[in-house]
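Chain order of the listed sequences is A and B. Numbered according to UniProt numbering, the first sequence spans residues 1 to 296. Numbered according to UniProt numbering, the second sequence spans residues 1 to 473.
Since the hints were made in silico from the structure, they are not lab data. Hints may contain errors.
Calculated lysine-lysine pairs in the PhoX-like style (CA-CA distance at most 20 Å, straight line) [unchecked claim]:
id : chain 1 : residue 1 : chain 2 : residue 2
1  : A       : LYS98     : A       : LYS212
2  : B       : LYS7      : B       : LYS72
3  : B       : LYS7      : B       : LYS75
4  : A       : LYS128    : B       : LYS75
5  : A       : LYS246    : A       : LYS208
6  : A       : LYS212    : A       : LYS247
7  : A       : LYS176    : B       : LYS408
8  : A       : LYS3      : B       : LYS408
9  : A       : LYS208    : A       : LYS181
10 : A       : LYS208    : A       : LYS176
11 : B       : LYS75     : A       : LYS3
12 : A       : LYS208    : A       : LYS91
13 : B       : LYS408    : A       : LYS181
14 : A       : LYS253    : A       : LYS236
15 : B       : LYS93     : B       : LYS75
Stretches of chain A that chain B covers, calculated by requiring three or more beta carbons in the stretch to come under 8 Å of a beta carbon on chain B [said to hold, decoys possible]:
id : region
16 : 11 to 19
17 : 27 to 37
18 : 45 to 58
19 : 171 to 179
20 : 248 to 254
21 : 281 to 288
The structure displayed is predicted, hence computed values, not measured ones. For glycine and all other residues, C-beta sits at the position ideal for the given N, C-alpha and C.
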Amino acid sequence: MIKRSVLFAIALLLLYAAYVSYGNAVPVSQHQWQDNTIRTQNYSYTDSLHKKDVIIGTSLTAMMEPNTLPGDVYMLVYPGMSVVNGIITLKENNIAPKYIFIEENAVLKPVNTDFNDYIFGDIHFYSKKYFPFLRDCYQPVGQAAGFVERHSAARVQFFSDWIFNPVLRVFQSNPKATIDKEAHYRELKRRRNMVDTAALISSFTQLKNELKWLEDRGTRIYFYATPTHPDVFKCKQSKAVMDAFKKYFPPGKYNYFEIPDVSQYTQLHDQLHLDKPSAIRYARVFSKELNSARGH
Amino acid sequence: MLFTDAKFVYFLLVVFALFYIKPLKKYQTQILIAASLLFYYFNSTTFLILLLFSASMNVLFSWLITNSNSFKTRKTFVTIGITLNVLVLVFFKYGLMLVSTFTNETSEVYNFFMIMGLPIGISFYTFEGISLLFDTYKARNSPGYKPVKQNFFTHVKNVFLFISFFPHLIAGPILRANHFFPQIETKHIKNINWQYCFRKLVLGFFLKLVVANNLQYFTAWLQSPAMDNLSSLTLFVLILGFTFQLFADFAGYSYIALGLAGLFGYQLEENFDYPFVSSSLSELWRRWHITLSSFLRYYVYTNLLGGGRRGKVVSLINIFLTMVLAGLWHGSKWSFAIWGSIHGSALVIEHLIKKGTKSWGFTKVRNVLGWVISYFFVIVPCMALFRFPTLQGAIDYAILFLNNTDYKDDYRLITYLCLYSSPIVLMHLLYKYKNTRPVHYVFNKADYLVYGPMLFFIVVNGAQSSPFIYFNF
């Protein structure tokens with residue numbers, strides 16, 4: 001039974017490899033976490049990308065579309081994770097770009113070591129390098145999801161409109177009960193005005209240690225801050241972070257982009273991230289900074 | 001170090017080789033104890049000392065109970081031993097909850113408990129300690145008691161292995177002393193039931209890596225403010241997805257634990273028996289986390305509270321109290337007590353309805369109704385109390401669910417949730433129809449048609465390893 005199961009699994013793997021190689025499989029990202037994985041795997045397994053300069057950031061930078069930025073720059077951005085994850089990716093690949101641009105705003109986000117362990121663990125890294133059908137962008141569920149969604153959306157909508165919602169409406173109070181949506185932002189604001197000195201020291205010490213590897217290989221490092229809501233941009237925590245940057249990475253020895261005029265980017269989709277029109281406008285300013293830093 | 005980490009594979013290979021190597025055969029128990037303590041050390045360095053203390057305490061009291069000739073002294077020892085176990089659990093697991101109820105977040109006591117954190121697996125190994133002391137006491141008092149001649153060193157070895165055996169150490173199944181102790185003997189590689197181990201391991205890894213670990217990225221939408229603009233249907237599918245994620249995560253862990261224990265010649269008790277086919281709440285609790293349910297039924301409901309010996313009303317109160325305790329066992333938050341109270345109240349109501357409608361017939365209709373009411377009105381809605389860290393979060397979810405009927409459904413999210421939940425539905429359907437000819441044929445003659453695809457999905461569609469949800473309990 002064990003032997004037959006293993007043989008059957010191998011047969012399925014071979015069929016699937018043939019489908020990915022010769023069928024019409026397209027890379028699919030199922031969720032934000034997988035976006036990060038796919039972006040890193042693309043970078044690691046595509047030699048031509050290694051020559052590009054690199055932007056390392058978080059979800060704040062990710063709001064800018066890659067096609068709105070210069071083509072010779074790769075966005076190694078990780079929504080939900082730390083910029084240090086981006087630097088670890090470069091180290092693991094043993095790549096020191098000529099220029100890297102590091103986002104300052106969310107530097108206190110803790111490093112997710114599980115993420116890099118998953119991608120660069122020997123078994124995962126080499127199996128996915130040499131067998132592309134094993135890469136996360138070709139997972140069978142991701143491949144099937146589009147087909148299933150197309151064929152079931154109408155049925156789901158029928159069920160939702162004619163059965164599920166009418167039944168629920170019977171239980172709705174009049175007027176409708178509401179939740180305190182602002183509570184979340186109040187809590188965020190409260191936290192942003194708290195400065196954890198120990199966390200600050202530990203984050204900057206780690207960033208400095210990780211960057212040393214790149215500096216030793218001649219990489220030129222630039223820091224930049226993306227615009228956010230003025231309240232967030234000027235909160236106590238942001239101020240402490242900016243001060244710490246100047247202390248750990250003194251201007252003169254390190255390079256900084258000009259601080260953006262946050263009053264120009266008031267359209268934000270959640271009081272933190274730029275919305276689409278703002279992101280396009282900021283990308284123009286950012287691209288100019290990128291080009292002038294590299295002497296283009 | 002999780003069961004799903006690559007590091008664990010190396011650890012397992014080394015332990016397996018040492019365990020069966022001929023010159024070391026007489027040290028098998030010591031090898032497993034050392035490996036288990038090392039495994040715990042990798043997962044929770046600080047609290048290894050607490051595990052050692054708990055195990056030593058139970059070694060001492062079980063030894064004293066066994067070797068005491070007076071009934072009164074034995075009763076004193078078992079009472080002290082169980083009380084100490086409970087105190088350890090209350091201090092380390094419920095300290096923060098109790099302190100935060102009576103003091104504010106700036107107090108020093110609060111900070112102390114906040115920094116201390118929760119020792120991994122404490123609920124499991126403390127319950128095993130209680131089981132050991134109580135079973136020893138019961139056995140020692142039974143009329144046909146035959147003393148087992150063993151020296152103190154052997155007793156220490158056996159108890160340490162019982163409590164710390166790494167497959168079950170962190171998240172169960174909760175072992176019963178009288179089931180595990182008779183299995184402690186020299187093991188031989190030729191006696192391993194490879195097919196049993198293979199089945200359990202493949203199913204366990206499939207549930208954890210393919211189902212639970214993928215579902216977690218979608219159920220992450222169940223938090224404010226991400227869920228604020230989702231439609232009622234999307235919110236419903238999300239909580240349903242979380243129910244399946246919780247099952248896949250914990251059942252996956254339990255199956256892996258069974259498979260790993262099997263590799264070392266030990267058979268642990270099953271923890272899940274297709275819970276989603278249950279047609280009532282009482283049946284669900286006989287099929288979900290079976291080792292906890294049977295622990296609570298035997299030690300708390302029957303022996304501590306007196307079960308149904310003092311009349312029907314007291315019996316129903318005891319059911320309710322047992323479920324409140326079951327709720328609190330799951331987490332040191334009052335929302336878990338509310339979760340337990342709702343389940344307890346529902347169980348009491350179910351008992352009363354069942355008694356009143358016994359003679360009505362229509363068994364099939366009643367079973368379907370029981371299934372619908374149990375799942376869609378009790379189990380799934382109560383999952384919100386499990387999912388959200390605060391009671392307010394669960395209340396917000398309920399308000400959004402009832403009011404967001406005019407929002408657009410997120411078909412993409414619904415599709416992924418349904419796709420990743422489908423193996424759970426399929427495995428329960430196969431179980432339900434196990435006696436039909438095609439299903440019977442597959443499971444008896446061609447089960448590679450089931451395990452082969454699971455292996456394929458583990459390789460191609462497994463998500464990143466992440467901690468098991470029950471580690472928090």
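Outcome of the hint check:
| no. | hint | result |
| --- | --- | --- |
| 1 | A/LYS98 with A/LYS212 | holds, 14 Å |
| 2 | B/LYS7 with B/LYS72 | violated, 50 Å |
| 3 | B/LYS7 with B/LYS75 | violated, 45 Å |
| 4 | A/LYS128 with B/LYS75 | violated, 61 Å |
| 5 | A/LYS246 with A/LYS208 | holds, 12 Å |
| 6 | A/LYS212 with A/LYS247 | holds, 16 Å |
| 7 | A/LYS176 with B/LYS408 | holds, 18 Å |
| 8 | A/LYS3 with B/LYS408 | violated, 49 Å |
| 9 | A/LYS208 with A/LYS181 | violated, 38 Å |
| 10 | A/LYS208 with A/LYS176 | violated, 52 Å |
| 11 | B/LYS75 with A/LYS3 | violated, 54 Å |
| 12 | A/LYS208 with A/LYS91 | holds, 14 Å |
| 13 | B/LYS408 with A/LYS181 | holds, 19 Å |
| 14 | A/LYS253 with A/LYS236 | violated, 26 Å |
| 15 | B/LYS93 with B/LYS75 | violated, 27 Å |
| 16 | 11 to 19 | holds (count 4) |
| 17 | 27 to 37 | holds (count 6) |
| 18 | 45 to 58 | violated (count 0) |
| 19 | 171 to 179 | holds (count 7) |
| 20 | 248 to 254 | violated (count 0) |
| 21 | 281 to 288 | violated (count 0) |
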